[in-house]
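Spelled out, the chains give:
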Amino acid sequence: MTAMLQYDFMRRAFVAGLLLALIIPCVGVVVVLKRLSLMGDALSHSSLAGVAAGLIMGINPILGAGAACVAAALSIEVIRHKIPRYAEISIAIVLSAGIGLAGVLSGHVRGAANFNSFLFGSIVAISDFELGLVVGVSLAVLLVFIALYRELFFIALDERAARIAGVPVAAVNFIFTILTAVTVSVAARTVGALIVSSMMVTPVACAMQLAGSYKRTVIFSAVFAVVFTLVGLTLAYYVRLKPGATIVLTGVLCLLLIIAGKKIWAAVGSRRRKERNS
Amino acid sequence: MKKIWPVVVAICLALFGAVACASPQPAPTPPAGNTNEIESQTEKLSVYASFYPMYDFARKIGGDKAEVVCLTPAGTEPHDWEPAAADIVGLEKAALFVYNGAGMEHWVDDVLAALSNKELVAVEASAGVPLLEGGEEEEDEEEGHEEEGGFDPHVWLNPLYAKIEMANIRDAFVRVDPANSAYYEDNYAQYAAALDELDGEFRSALADPPRREIIVAHQAFGYLCAAYGLVQEPIEGLAADSEPEPARMAEIIAFAEEHAVSVIFFEELVSPKVAETIAAAVGARTEVLSPLEGLSDEQTAAGDDYFSVMRQNLAALLTALQ
Chain E
1 MTAMLQYDFM RRAFVAGLLL ALIIPCVGVV VVLKRLSLMG DALSHSSLAG VAAGLIMGIN
61 PILGAGAACV AAALSIEVIR HKIPRYAEIS IAIVLSAGIG LAGVLSGHVR GAANFNSFLF
121 GSIVAISDFE LGLVVGVSLA VLLVFIALYR ELFFIALDER AARIAGVPVA AVNFIFTILT
181 AVTVSVAART VGALIVSSMM VTPVACAMQL AGSYKRTVIF SAVFAVVFTL VGLTLAYYVR
241 LKPGATIVLT GVLCLLLIIA GKKIWAAVGS RRRKERNS
Chain S
1 MKKIWPVVVA ICLALFGAVA CASPQPAPTP PAGNTNEIES QTEKLSVYAS FYPMYDFARK
61 IGGDKAEVVC LTPAGTEPHD WEPAAADIVG LEKAALFVYN GAGMEHWVDD VLAALSNKEL
121 VAVEASAGVP LLEGGEEEED EEEGHEEEGG FDPHVWLNPL YAKIEMANIR DAFVRVDPAN
181 SAYYEDNYAQ YAAALDELDG EFRSALADPP RREIIVAHQA FGYLCAAYGL VQEPIEGLAA
241 DSEPEPARMA EIIAFAEEHA VSVIFFEELV SPKVAETIAA AVGARTEVLS PLEGLSDEQT
301 AAGDDYFSVM RQNLAALLTA LQ
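Line order of the protein sequences matches chains E and S. Going left to right, the first sequence walks through residues 1 to 278 as this note's numbering numbers them. Going left to right, the second sequence walks through residues 1 to 322 as this note's numbering numbers them.
Honestly, the hints are just simulated from the structure, not real lab data. Here the structure is a predicted model, which is why all the values come from computation and not from measurement. You may find that some hints are simply not true.
As the list claims (entries may be wrong) - The list that follows gives simulated cross-link-like pairs (lysine to aspartate or glutamate, EDC-like), each with its CA atoms no further than 16 Å apart:
no., chain 1, residue 1, chain 2, residue 2
1, S, Lys273, E, Glu159
2, S, Lys273, E, Asp128
3, E, Lys82, E, Asp8
4, S, Lys60, S, Asp186
5, S, Lys273, S, Glu243
6, S, Lys65, S, Glu243
7, S, Lys273, E, Glu130
From just these sequences and the hints, can you work out the full model?
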């Protein structure tokens, strides 16, 4: 452990990785319950279009990526409301629109040199600026999530019931959408799009297997994400693997183990019950 | 419900009309300044080159007898690039296509097979160069990164191999346009001498440097290092863009500290984030060492070519090896 942590880049990786592991699943729980699991993918691909547009128009590409993310997230909300029974359609449309726009725009970017570097970060190469961004966004997300905890809970479970219960659904959805967009654009640039889109879903899926309530799902998801990041980064360092991919696969493996474990547990439980009854 | 049909039809027509009226994409233009004589003379040989060094070499051999188009646009990392439809259209009309080969352009075989241009002469410029195997430069076996074919394609970074590439390109020009063979021979002779001179400059400048190890962004400098007795310690494998392994970064940092390396090299076309992270860790500077896979717009505007960038590389190497 000490050998690994003597390097500044590893310390940064752990700090940024753990902060994001705390907040991305918080956003993720709501996103998953709203049936928008692929939100992370859709937004990170849309930010590609933002980078390209930023480079063409001479705006700061990071700003462009953030703006594109917000626009994409709001479009998802709008389309979701037009076709409420098929919420995932909105993701598919925005995802393909984002990739399409990026493809068309990138053909006009002169000197596409750092096109990728504006977009896809690596968890082992995080600058001071990015670390600051991550800390800022994490604090903001955590505060808003706690402040709107009850409202988000209602909306995630049933928007119509939430409206009847007097929750300002439109306003909360708007704030949450902006929050998601900002989180994705910052995290994708810092630790990579792969980590973001899987951290939104995999820990939540693991938590849903075990937790009985919304509150426990939220807490378990964050704990799972933190464990995946710790284990994944450590493994990547000592076994010589790509860090982002290792973190993601750690999560998937854990989910498989939980599902298998539940099966075995249930089988053992039913046998015992039978033995007791006979 | 009935009213929706006219709207749908109108939208479809409008979309079709917009596409039909939009002027077709112009074919990629050569990034160099002297494009003003395009299409003024139909006599000119239409030559396509896959990426910058091929373009530069073909332009030098072809001189004013050829109109050379560089397929990979300025500022694009050629490892990632693939031709678009407009490029294929251009190739259909071309007389000569110059590519590096040795696994650099993974799309070449497919594209050549798909072309119906029977007249097109395709020349693999790296033919005849003794290729290095991928990953050979590194002592650590685990680090062998496979590129297509398992060879290191960056042959042009050794001026003498660049000369072989130019000779191959000259032969192709002579084959396509035998009437002007003396002209191409002359051009080749002139640049072959210049390449020998460049090689001599590298050789004498790097004859006895205080150290021989350089840390580079990706493993592009195998031929350069082999020619002048340098050792490259690459952060990435032969392909330029991928996520680095933290263990590899730790090794590089240890290596840099052990050899008191003061400069971490990066490339214009690849994100400098990793190089900057390592430089910050060991208190080194970052500087550009160009693998010449493409020029930036600024370099193009400044009139840089193979020779000037190679000399900038030599200067950068000399300061780094102090």
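Hint-by-hint comparison with the structure:
| no. | hint | in the structure |
| --- | --- | --- |
| 1 | Lys273(S) with Glu159(E) | violated, 43 Å |
| 2 | Lys273(S) with Asp128(E) | holds, 11 Å |
| 3 | Lys82(E) with Asp8(E) | violated, 48 Å |
| 4 | Lys60(S) with Asp186(S) | holds, 11 Å |
| 5 | Lys273(S) with Glu243(S) | holds, 11 Å |
| 6 | Lys65(S) with Glu243(S) | violated, 44 Å |
| 7 | Lys273(S) with Glu130(E) | holds, 11 Å |
Checked against the numbered hints above, the structure breaks hints 1, 3 and 6 and satisfies the rest.
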